[in-house]
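Chains A, B, C, D and E supply the protein sequences, listed in that same order.
Counting from 1, one number per residue, gives the positions in the first sequence under my numbering.
Counting from 1, one number per residue, gives the positions in the second sequence under my numbering.
Counting from 1, one number per residue, gives the positions in the third sequence under my numbering.
Counting from 1, one number per residue, gives the positions in the fourth sequence under my numbering.
Counting from 1, one number per residue, gives the positions in the fifth sequence under my numbering.
There are no misleading hints in this set.
Cβ pair distances, simulated, as ranges:
(1) A:Gly-68 <-> D:Arg-281: 33 to 39 angstroms
(2) C:Leu-266 <-> D:Trp-39: 44 to 50 angstroms
(3) D:Phe-50 <-> A:Arg-58: 34 to 40 angstroms
(4) A:Glu-212 <-> B:Gly-99: 52 to 58 angstroms
(5) B:Arg-179 <-> D:Val-267: 56 to 62 angstroms
(6) A:Asp-169 <-> D:Arg-30: 53 to 59 angstroms
(7) A:Gly-68 <-> D:Phe-50: 44 to 50 angstroms
(8) D:Ile-259 <-> B:His-127: 36 to 42 angstroms
(9) C:Ala-84 <-> E:Gly-140: 27 to 33 angstroms
If you're looking for bench data, these hints aren't it; they were derived computationally from the structure.
In this text the structure is predicted, and so the values were computed from the model without any measurement.
We put the beta carbon where it would ideally sit given N, CA and C, even for glycine.
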Amino acid sequence: MTSVALTGITKVYGRGPSAVLALDGVSLNVAPGEFVCLVGASGCGKSTLLSLVAGLDRPSGGSIAVEGGTTPGLMFQEPALFPWLTVRANVELPLKLAGVPRAERKARVAELLGTVHLGEFGDRQPHELSGGMRQRAALARTLALDTPVLLMDEPFGALDAMTRDILHDELERIWSERRLTVVFVTHNVREAARLSDRIVLLSSRPGRVISETRVDIPRPRRIDSSDVAAIAAKVTEELRREVGRHGQ
Amino acid sequence: MTSVALTGITKVYGRGPSAVLALDGVSLNVAPGEFVCLVGASGCGKSTLLSLVAGLDRPSGGSIAVEGGTTPGLMFQEPALFPWLTVRANVELPLKLAGVPRAERKARVAELLGTVHLGEFGDRQPHELSGGMRQRAALARTLALDTPVLLMDEPFGALDAMTRDILHDELERIWSERRLTVVFVTHNVREAARLSDRIVLLSSRPGRVISETRVDIPRPRRIDSSDVAAIAAKVTEELRREVGRHGQ
Amino acid sequence: MANDVLTRDDSTISGLDALEIASKQKVTSRVGRLWSATWPKVAAIAIAIFIWQVVVWSGWKPPYSLPPPADVFSDLGRYVTEGAFWHGLATTLRRAAVGFAAAVAIGLAVGLAVARVRILRAAIGSMITALQTMPSIAWFPLAILLFQLSEQAIFFVVVLGAAPSIANGVIYGLDYIPPLLLRAGRNIGARGASLYRYVIVPAALPAIIAGLKQGWAFAWRSLMAGELLVVIATKTSIGAQLTYARELSEAERLMSIMIVILVVGLVVDAAFGAADRAVRRRWGVLDQAGA
Amino acid sequence: MANDVLTRDDSTISGLDALEIASKQKVTSRVGRLWSATWPKVAAIAIAIFIWQVVVWSGWKPPYSLPPPADVFSDLGRYVTEGAFWHGLATTLRRAAVGFAAAVAIGLAVGLAVARVRILRAAIGSMITALQTMPSIAWFPLAILLFQLSEQAIFFVVVLGAAPSIANGVIYGLDYIPPLLLRAGRNIGARGASLYRYVIVPAALPAIIAGLKQGWAFAWRSLMAGELLVVIATKTSIGAQLTYARELSEAERLMSIMIVILVVGLVVDAAFGAADRAVRRRWGVLDQAGA
Amino acid sequence: GDDSGDGGGSGPVTLRLGYFPNITHAPAVAGVEKGIFAEKLGSGVKLETTTFNAGPAAVEAIFSGALDATYIGPNPTVNAFSKSKGEAIRVISGAASGGVALVVKPEINNAEDLKGKKIATPQLGNTQDVALRYWLKEKGFTTTKEGGGDVSIVPQENAQTLETFQSGAIQGAWVPEPFVSRLVNAGGKVLVDERSLWPDGKFVITNLIVSKKFLDAHPDVVQKLVEGQVAANDFVNEQPAEAQQAISTHIGKITGKPLDIKLIEQAWPSLTFTNDPIASSLKTGLDHAVAVGLTEPVDLNGLYDLKYLNEALKVAGEPEVVQP
Ligand SMILES: Nc1ncnc2c1ncn2[C@@H]1O[C@H](COP(=O)(O)OP(=O)(O)OP(=O)(O)O)[C@@H](O)[C@H]1O
Ligand SMILES: Nc1ncnc2c1ncn2[C@@H]1O[C@H](COP(=O)(O)OP(=O)(O)OP(=O)(O)O)[C@@H](O)[C@H]1O
Ligand SMILES: [Mg+2]
Ligand SMILES: [Mg+2]
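Could you put the whole structure together from the sequences, leaning on the hints where they help?
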């Protein structure tokens with residue numbers, strides 16, 4: 001039983017001599033309700049992988065199968081907010097597109113903005129927000145999607161540790177409430193250990209799955225717990241070896 | 001003797017009822033050659049402060065004085081690469097504008113691209129890079145500036161731990177070689193302790209300086225050393241108290 | 001080293017930069033803002049009229065060739081108090097509005113379709129610019145063939161003048177939508193018509209407004225020519241008056257009509273300008289340059 | 001649940017989206033690519049000619065009013081083998097090139113200045129659109145006054161037609177430069193002229209190209225009218241030929257000239273299109289839509 | 001060069017002459033094509049010719065000093081004279097008469113049949129427009145400036161007349177050659193030949209005007225120009241076949257396509273090429289315009305300066321014309 005099944009995915013950007021082999025035979029199965037973290041060096045193909053799963057690009061080879069009839073929701077690495085809409089309208093748009101009635105929409109948007117601590121900033125335009133605030137607005141917009149599979153690309157990268165811890169709790173709550181399948185990209189290995197059921201490590205150029213680490217720490221977890229630190233240390237060690245091998 | 005002197009800086013965005021008081025009476029002196037890290041919650045005014053120091057915005061009150069005749073170099077929170085130039089040309093542009101002769105420029109650009117591990121990607125356009133690669137290209141472009149004061153806004157936010165560690169070493173080397181004054185914004189308190197002489201903590205909305213922590217650990221330092229961890233823990237505690245106070 | 005310190009307020013900014021930044025100092029009061037928007041216009045117009053007057057004084061050309069400002073303005077005064085002027089203006093504006101509306105509808109539809117459907121683009125994309133360069137008079141025979149001497153013939157010419165320009169504006173706008181926004185739109189569930197409505201059109205709106213502005217100019221110029229196509233009974237028009245003024249060698253009247261055309265142009269530009277400023281304020285690109 | 005699984009390749013894409021994506025399937029071979037760029041054009045032209053022929057067959061209008069395609073093409077064949085055609089085309093293209101070059105220089109200068117200097121914008125910004133709507137014939141008297149019956153008079157009309165359009169394109173482009181890029185440019189040391197050269201102009205280049213395209217259309221149309229201003233017996237031109245073909249009611253010749261104008265338009269559009277595609281490739285916005 | 005008046009003796013004087021590539025300008029077209037003007041003007045005068053497709057541009061050019069003399073129709077002549085308060089121009093010779101007719105659909109057989117029909121004229125208030133209105137008035141029909149009344153008058157460019165006539169949008173047109181012949185070829189028939197309405201069948205359709213400034217500065221050149229006109233006129237009248245060929249060729253140079261020689265031959269008989277500007281017809285035409293309420297009376301005193309023409313005619317041994 002898989003929610004997302006990737007089989008031998010390859011992705012080549014460009015043609016001819018300047019072509020880049022971004023992914024080379026990545027196979028990965030994610031079970032329904034599983035929380036998987038992807039880690040890997042900068043430029044190893046994580047964002048590429050998510051965009052393939054989200055159906056925004058076509059793989060050069062291999063096949064992708066996703067649970068249910070919907071496309072997965074994707075939180076991009078950049079905020080990707082619509083500059084012509086207020087923060088509130090940005091968050092509301094997925095609900096509108098899904099046909100949620102106006103009254104319910106209002107309530108859900110208010111709740112989501114509260115979740116990401118942007119309650120006061122609903123009427124601002126994206127350019128009036130700070131970097132971290134934009135990222136949170138994008139998070140709220142993604143959470144407004146009602147899809148069983150959620151893909152998130154470094155969603156907390158621009159946030160301070162405290163805000164991030166709070167949002168870890170929120171995300172975990174939503175994940176378990178909605179029984180979501182989550183594929184989560186992060187550079188923060190502790191974050192990966194804090195959140196996930198499994199950590200998948202990608203090699204760089206070409207991206208390949210080189211190790212998988214199951215995280216069996218019972219929830220609720222704390223990011224500064226020693227269990228989390230132990231898993232993080234193990235993954236870090238693997239990552240270090242992999243990056244070292246590439247001289248980067 | 002100060003390199004950057006901020007006295008009672010306030011910054012208000014907008015007018016009327018929707019105005020935001022982003023900074024409220026920030027005073028800060030940075031000595032020549034000092035490495036200062038700014039930490040604070042998301043949206044507390046760190047980027048605003050850097051853009052004021054770089055002279056890209058005018059403060060609503062207070063005064064700013066910067067050493068020497070040049071404006072400080074600023075690495076923005078977003079990569080802000082020019083989409084019409086290749087990565088190489090992006091990094092070369094500051095040198096061209098400074099009138100560096102062509103041959104020297106070529107050498108310096110090659111060196112800088114090597115420093116950020118983008119040697120093979122010089123001829124790509126920015127849109128062909130991954131998020132972290134773009135950030136490194138922006139770093140190279142900023143390092144190409146020959147200014148005594150460098151302002152950096154989360155320069156390593158999108159990088160994996162290994163790459164970041166390597167770049168920490170590089171930045172420290174360049175800083176000491178060129179005797180730079182650096183003001184560095186980060187959310188990673190360990191990173192702050194790893195790099196800086198002093199950590200300045202800002203409160204949020206309005207931004208004010210609420211504490212300063214001197215980091216007296218002898219260099220070279222390692223990010224996973226216990227000294228760094230101890231300082232980081234102290235600052236984290238302060239930050240946690242501050243963020244908690246704001247309910248965010 | 002303290003002497004070496006440089007305060008921000010008089011930093012190393014020079015040339016145009018200084019001008020740009022200096023002119024950005026906020027004028028807070030309402031009256032002050034109105035004044036600062038108005039006086040440069042008034043000054044520009046005053047300078048233009050003054051130069052004109054000086055040339056007239058110099059006796060360079062006889063007054064029947066280059067009439068003095070005073071004569072033109074007194075003619076203008078007479079002109080705008082005639083019923084014929086107001087009827088003509090009403091007719092022309094109505095035609096401009098109807099023709100432009102049709103051109104907008106067609107231009108938008110064609111532009112949206114051509115920009116996004118590859119096969120259409122390959123087939124007729126390059127035709128659009130080619131059509132845009134076709135002078136109005138070339139269409140006159142076809143217009144008469146299709147619509148006889150009715151107002152539709154005029155609209156036909158106006159639409160053929162303006163729609164390609166609008167379509168080109170739309171295509172340009174769509175071409176430069178940041179791919180990330182399109183991807184985001186698709187991902188949050190905007191498909192087909194809703195992708196157009198909620199993402200593509202708003203993202204291209206600035207370019208569309210610019211295209212509409214260019215289209216308006218084409219529409220208006222085509223109309224000035226096209227109004228000669230059908231000089232309908234009972235219906236005088238600015239285009240016909242312009243041509244008659246020229247045919248009767250009435251230099252003053254010709255210049256009066258030019259002033260009227262400029263004023264109409266200014267009013268229309270103000271409308272587009274307001275729309276554009278509203279968009280720019282939202283997008284946060286309003287005050288970056290000297291706007 | 002396995003049955004519930006959806007493979008990407010036939011996902012829930014419908015309507016225009018499907019069309020867009022379907023048409024994006026890569027054609028790899030060179031011949032294949034050329035073919036896929038050409039056949040839709042050929043098909044479009046064939047369809048247009050076919051409809052025309054059918055209308056002619058239907059006998060809706062007599063042939064002197066709506067000539068059949070065959071007659072027009074045989075006239076076109078005669079036309080393009082005459083010396084007069086090549087002389088006229090050479091004269092017109094030379095005038096178009098010179099006039100457009102002047103318009104580009106002036107339009108760019110005015111656009112760059114008006115967009116960035118607040119006081120200029122307040123003074124003459126709104127004048128630009130107003131000037132753009134002024135029909136060419138209104139300028140004829142002034143053109144003759146200033147330049148007598150020389151070619152300069154033609155250039156004057158062409159420049160007044162095209163420069164405002166180009167300036168508007170430039171202003172639009174500058175207005176929408178992402179503020180972040182300007183700030184980055186300033187910060188890495190681009191000031192004054194070098195800010196223009198290295199940041200502002202390249203950042204606005206897409207809009208400038210679009211503005212040039214609109215400007216070309218204005219220039220060409222103004223030229224077609226303006227060429228009647230000065231007709232020297234020994235210098236025939238496309239504009240003069242067009243007008244006389246119309247005055248002499250030579251339907252076939254008129255259509256031949258229209259075809260020539262379309263072809264010139266297509267060639268020019270191809271040049272702009274190539275420039276635009278080069279920019280879009282660099283910016284990474286090339287293949288997002290159906291381009 | 002700006003104005004032409006400064007030729008004070010040194011260097012050759014330049015004469016800038018305008019005309020329309022049109023049958024009604026036959027003496028000018030043939031004269032330029034055959035080099036008759038250049039010959040008469042001699043080596044001391046440099047001839048520069050420009051063509052126009054309509055009167056206004058020619059008048060603008062004269063006003064602004066860009067043109068010294070031009071062949072032109074009676075309407076722009078009157079406009080140029082009255083708008084400059086008699087300062088800008090003088091008529092120094094005639095060129096052509098006749099060549100105007102009311103062409104109608106074949107089913108229209110007499111004036112009565114025109115009721116409720118649409119008739120085109122080249123331009124509101126021009127000679128043909130006035131002639132039509134006056135004629136209709138004589139016939140007891142009402143017309144209005146706006147196209148109302150018993151017969152609807154629709155002013156439109158001649159270029160459009162053939163299309164609208166063929167498409168049935170108009171049922172007739174009061175137009176000059178070559179449009180008369182074209183309409184006839186397109187199935188129309190001549191209902192009224194305007195010659196039948198004038199004494200001796202003569203009325204001005206083209207005359208030669210010169211800028212007053214040039215006339216004052218270079219009367220000698222003007223004299224030679226008029227001699228050229230007289231010679232061209234003789235050529236046109238004496239060797240019509242050659243003249244027609246010359247016109248066809250010359251028009252071809254400008255328009256890219258020689259004018260159909262058959263059309264020229266067809267139109268030719270309805271035109272009379274004469275040096276007489278037929279001043280009386282211009283005045284009468286104006287009176288008619290006043291009578292149908294299209295213009296205010298205009299003082300034409302001083303418009304004609306025919307002493308050069310009479311001098312030239314005397315030299316050529318032809319009868320002189322009356323200075324009005
Ligand atoms: N549009 C593109 N054109 C060409 N190459 C691309 C493109 N997008 C990505 N790449 C290349 O593919 C590789 C993987 O990029 P990707 O963005 O997936 O990396 P990533 O793992 O997300 O890195 P990061 O952690 O830095 O965001 C990189 O080498 C990059 O240069
Ligand atoms: N252009 C603007 N207009 C209005 N408000 C703004 C603007 N830029 C920033 N702000 C506001 O100023 C405050 C500080 O923003 P700033 O970008 O300096 O935060 P920051 O400390 O950099 O945050 P982060 O860590 O999230 O990047 C925020 O509340 C933001 O909403
Ligand atoms: Mg990425
Ligand atoms: Mg920030």
